[in-house]
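Participant: Chain B: place on chain A using the hints.
Taken in order, these protein sequences are the chains called A and B.
Letter 284 of the first sequence, counting from 1, is numbered 1762 in my numbering, and no numbers are missing.
Letter 425 of the second sequence, counting from 1, is numbered 1338 in my numbering, and no numbers are missing.
Derived by calculation from the structure, the hints in this document are not laboratory data.
Each hint should be verified, as a subset may be incorrect.
[Stated by the list, open to error] FRET-style restraints, in silico, Cβ to Cβ:
id	chain 1	residue 1	chain 2	residue 2	range
1	A	T1524	B	R1313	26 to 36 Å
2	B	G1350	A	N1792	58 to 68 Å
3	B	G1350	A	V1736	53 to 63 Å
4	A	G1641	B	Q1063	24 to 34 Å
5	A	K1619	B	T1215	16 to 26 Å
6	A	V1678	B	L1021	26 to 36 Å
7	A	E1799	B	L998	49 to 59 Å
All residues carry an ideal CB built from backbone N, CA and C; glycine is no exception.
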Amino acid sequence: MTDISERSRAEVEAILQGRSRRAAAFSLVREASLIPVLIVLVVVGTVVNSAFLTTANFSGIGQQVSALGVTVVGESLILLIGGMDLSLEGTYGLAPTVAAWLMVPALEYGSGAMLNPYLAILVLLLVGAAIGLINGLLIVKGRLNGFIVTLGMTIVLAGLQQGIVKGNTLFNLPAAFNYLGAREYGQVPVSLIVTAVIFVATGLFLRYHRVGRAIYAVGGNREAARAAGIKVDRVRIGVYVVGSVLAAVGGLMEAGRVSAVTGSQGYQEGIIFAVFAAAVIGGVSLRGGRGNMVGAASGVVLLGLVQNILDLSNVSNYWIEAVDGAVILFALLLARVIGGEATAE
Amino acid sequence: MTDSADPAASAAGPPGPAVEATGIYKQFGGTQALRGVDLSLQPGRCLGLVGRNGAGKSTLVSILSGIYAADAGLVRFDGQPAPPLGAPGAWRSRIATVFQHSMVVPGLTVAENVFLGHQPGQAGLVDWRRMREQSRQIMADWGFRLDVSQPCANLSVEQRQIVEIARALAAGTRCLLLDEPTAALERAAIQRLFARVRQLVSSGVAVLYISHHLEEVFEICQDAAVIRDGELVLTAPIARLSKEQLVAAMVGRPPAADGRVADAPAAGRSEGDELRARVANADGGTTTGESGLVVEHLRADTPQGTLRGVSLEVRPGERVGVTGLLSAGVSTLARAVAGAAPYESGTVRLDGQRLVPGRRDLALRAGVGYIPEDRQAEGFVAQLGVAENGTMSIVDWLARRLGWLRPRARTGAMAPLARTLSIVSSGLGQPVGELSGGNQQKVTVARAIARQPRLIVAIAPTRGVDVASKSLLLAELAAVTERSGSGLLLATDELSDLDICDRVVVLVRGEQFAEFSAPPFDREALIAATEGLAGRVPGAGPQPSAERDGRGERD
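Okay, chain A solo, but in the shape it has when bound (with noise of 0.2 Å):
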């Protein structure tokens, strides 16, 4: 017996070593895939608009990624756990809402609480997190399918957040609520640092926390990881919160961008869409267990430069959307594609 498992300890560490250096060289590929995609998008916004490449364009799509990539680190998470929420763009308009309309005196729409700008982003990152226990509570513990409670979620939100604005702008908004968005370090955008902070920082927590690791063990295998001793429940309640708070920041992002808080932000803008895009196109699995921050991020950017490439070419306005999202079917094909099997699914 001894002398068989001293052999194979020098074999176990031999393919130790050889095999996770091949693993690291091929989820480098795979986290890389959408690369040259990106390369080619920025060649067409070269050929397109002289204004392209230039600094103060990519700022500008760096403040405007910004909001939707940090939501979309929220869905990413839920769609690890093996979920689904519809409702963080309600999330994401009726948070920003809520806190600007605590803020604002009552002759311009708001309440007239006048609310310390402080207190106001920690009410929206409290109304997040409610929008999102609630959520989780009636998907877990109410066992109903959480495409019809977020999607059924999206409206009562949505419909909270007409209430308060009644057809006006909130704005004339406090400088320290404005900062997220608007603010900029040389010409680097505040928005743009934070979201990248937040998006390193979940993918460390993913790969190197064990709530993490049981993320991607109750996304891949539910029932495994019961039997393993996970609180399952536990941990998808607390991924649904983490996500519709994510969803918040991402709105509070957004009004600090254009300085002002409106009825069609979120819902009206169906920006659940491009979440969703963002996530799969960087292989974020829609079956849970598989995908990371490395790929979402990507498929973030790949939207923005979309985006703006439209933008800045000469489509229609009236055309523009069909195209924007012809465009986004189109890199979910090639994403597929690229990333094989794992990939769009």
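Facilitator: What follows is chain B alone, placed relative to chain A:
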């Protein structure tokens, strides 16, 4: 009990067989399920068909009821060739099958179910009144008391069977296949079913009765047939058979794939002894006291099986096997103990600590390792690596401050386990979904033993595992219990797994039926016990005292 009403036992010339199957062959993939089966059913007689799991019973039923076509051979009804496969209506007027799982449509009324697919009426319109009257007539003719206008959703399992039998009779069938009809019935309901079957038989219906419970076959059948490895090895009037002969015919030689030689008891035992000798060094030092697993009066009702008040103890270092037929509640018991499934009443205690029903996470922390029955469903996460799956139960040990986890900590913890269990993979990072079935099972075992549990609950741990890995897995499970003094609850229908156990409990219909307290366990005595028989088997050699708790309630 074998005094079955048998008027025409050897009357020379009955009118001819109602069903006659000759030379039936059927192959599925690489498995020859049936090899030249000849079977005939006589009107007014009930033939009991028995055989172990996988012997070919269900395949034969499927061919006789027109679900599959035979590769070779002929089925004749009343001397005429069987209708083509694509004509279910024609088959149903010939032969009707009552399956183990009900085939009634719950949303429809009793009358609609009785006439399902051929409702009386004209031009596509259903003549409701005629349908109800005819249904009522059938029920009255056969003495079934059932309101024909109530929906079937309200019916009990027993009543649904009545509907199915009535459906067969409505179609004019004179031949019935009953496929394990008593599996879901209470004892009193079984007696009522038997009365109905006897009535049908005495009025000239031919019945094929399939059951795992041999005593039932002796009770209501006139003839018995034994199928083994796809062949009919015995057909005889029941009056000339003993239970021992029937069991011996069912067991026969163990299948070659088992890796055993023909004389199973001797060879099997020596292998078991060897295994035991390899692991048993400190067997004398069995701890006594109140520690270990104590299960009391466990009752549960799940789709997989029912428990009717099972009590059981596993002392530290003790290996207890639980076995029984598929529906006997074996895996239900193990899942309840592991916290993987809730139960209705009763208690599960480990070292005096009461475990919360249905909370696998708490059971794990209390010291219960779990090897689930279906590894695809519960054993591992396919896209995650070997190390990650194997150490999933100990992440809280591996994690550093604030829950951060180094991949190296995982591989470090997994490497020794992978060595002991000889897990073959291209590396500890390889996704478990890419491994062979045997290696996947080893990863599942690694996950269970990584936490050094005080009790391991294993359900069918060697299912679908090759012979070499099988004995390695069993030896490792035994070795773990020796090393750490943890108990083992081994729930399995694979009798050779039980070789590592100190004690075997046999469940029948969710109740403790027999206990074998000293190894080696006799294969045939075990099988007889799982079938609900407690008799001794001739030529079986020294036999442990079966039915230690001999409540004798099953006559």
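Participant: All hints are to be evaluated individually against the structure, with a verdict given for each.
Facilitator: Going down the list of hints, with the structure as the test:
1. T1524(A) / R1313(B): 26 to 36 Å: violated (47 Å)
2. G1350(B) / N1792(A): 58 to 68 Å: At 59 Å between Cβs, range holds.
3. G1350(B) / V1736(A): 53 to 63 Å: This hint holds: roughly 57 Å between Cβ atoms.
4. G1641(A) / Q1063(B): 24 to 34 Å: Taking Cβ atoms as reference, G1641(A) and Q1063(B) lie about 49 Å apart, which means the hint is violated.
5. K1619(A) / T1215(B): 16 to 26 Å: 21 Å Cβ-Cβ, so the 16 to 26 Å window holds.
6. V1678(A) / L1021(B): 26 to 36 Å: violated (60 Å)
7. E1799(A) / L998(B): 49 to 59 Å: With a Cβ separation near 55 Å, E1799(A) and L998(B) satisfy 49 to 59 Å, so the hint holds.
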